[in-house]
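> My request is simple: use the sequences and hints to build the entire structure.
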Amino acid sequence: MPASQVSAAAIAARLSAAGLPTRMEEHARFTTIEAEVPEALSAESWREALEAVAEADRFGLLATSLGDRTLWAVVHKAVPSTDDAGEPAHQH
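Converting from the sequence shown to the working numbering requires adding 149 to each position, the first position being numbered 1.
Because the hints were derived from the structure by calculation, they are not lab data. Glycine included, each C-beta is placed from N, C-alpha and C at the ideal position. Honestly, I wouldn't trust all of these hints.
Computed Cβ-Cβ distance ranges for the label pairs, DEER-style [to be verified]: (1) Ala162 - Ala192: 30 to 36 angstroms; (2) Glu193 - Ala159: 33 to 39 angstroms; (3) His176 - Ala203: 17 to 23 angstroms; (4) Ala159 - Ser191: 31 to 37 angstroms; (5) Ala192 - Leu215: 21 to 27 angstroms; (6) Val155 - Ser214: 33 to 39 angstroms; (7) Arg218 - Ala166: 29 to 35 angstroms; (8) Pro170 - Glu204: 17 to 23 angstroms; (9) Ala162 - Lys226: 15 to 21 angstroms; (10) Glu174 - Thr213: 37 to 43 angstroms; (11) Arg207 - Pro151: 17 to 23 angstroms; (12) Ser191 - Val155: 26 to 32 angstroms; (13) Ala189 - Val155: 29 to 35 angstroms.
In silico DMTMM-like pairs for lysine to aspartate or glutamate, Cα to Cα no more than 20 angstroms straight-line [said to hold, decoys possible]: (14) Lys226 - Glu204; (15) Lys226 - Asp206; (16) Lys226 - Glu175; (17) Lys226 - Glu183; (18) Lys226 - Glu174.
See below:
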């Protein structure tokens with residue numbers, strides 16, 4: 150399993166352990182993790198959730214006017230390096 154996938158799964162597991170319903174979605178260049186944040190979340194669970202998403206490449210909180218809150222994180226997948234011609238780079 151690629152390191153990025155392991156990292157994304159670990160973040161999702163930590164969010165779930167903090168009591169947040171979590172979902173992951175694989176994309177070509179990154180994996181997203183989203184967790185619905187309940188209205189009544191303890192300070193300890195908030196701390197655990199923020200420490201978990203801090204391990205991601207990007208993260209944030211989406212809050213709607215209806216009171217819904219979604220904590221999200223993005224973990225980038227490794228991209229093979231290429232030379233100027235677009236071919237895989239070779240070590241010399």
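> Determine for every hint whether it applies to the structure shown.
Here is what the structure says about each hint:
1. Ala162 - Ala192: 30 to 36 angstroms: The hint (30 to 36 angstroms, Cβ to Cβ) is violated, given that Ala162 and Ala192 are roughly 21 angstroms apart.
2. Glu193 - Ala159: 33 to 39 angstroms: Taking Cβ atoms as reference, Glu193 and Ala159 lie about 19 angstroms apart, which means the hint is violated.
3. His176 - Ala203: 17 to 23 angstroms: Holds: the Cβ-Cβ distance is about 21 angstroms, inside 17 to 23 angstroms.
4. Ala159 - Ser191: 31 to 37 angstroms: The hint (31 to 37 angstroms, Cβ to Cβ) is violated, given that Ala159 and Ser191 are roughly 22 angstroms apart.
5. Ala192 - Leu215: 21 to 27 angstroms: The hinted range 21 to 27 angstroms holds for Ala192 and Leu215, with Cβ atoms some 24 angstroms apart.
6. Val155 - Ser214: 33 to 39 angstroms: holds, 37 angstroms
7. Arg218 - Ala166: 29 to 35 angstroms: Once the Cβ atoms are compared, 18 angstroms apart, the range 29 to 35 angstroms for Ala166 and Arg218 is violated.
8. Pro170 - Glu204: 17 to 23 angstroms: holds, 19 angstroms
9. Ala162 - Lys226: 15 to 21 angstroms: holds, 19 angstroms
10. Glu174 - Thr213: 37 to 43 angstroms: Since the Cβ atoms of Glu174 and Thr213 sit about 19 angstroms apart, the hinted range of 37 to 43 angstroms is violated.
11. Arg207 - Pro151: 17 to 23 angstroms: 18 angstroms Cβ-Cβ, so the 17 to 23 angstroms window holds.
12. Ser191 - Val155: 26 to 32 angstroms: For Ser191 and Val155 the Cβ distance comes to about 28 angstroms; the hint holds.
13. Ala189 - Val155: 29 to 35 angstroms: Holds, since Ala189 and Val155 (Cβ atoms, about 32 angstroms apart) stay within the stated range.
14. Lys226 - Glu204: holds, 14 angstroms
15. Lys226 - Asp206: holds, 10 angstroms
16. Lys226 - Glu175: holds, 10 angstroms
17. Lys226 - Glu183: It holds: about 17 angstroms lies between the C-alpha atoms, which stays within 20 angstroms.
18. Lys226 - Glu174: holds, 13 angstroms
Checked against the numbered hints above, the structure breaks hints 1, 2, 4, 7 and 10 and satisfies the rest.
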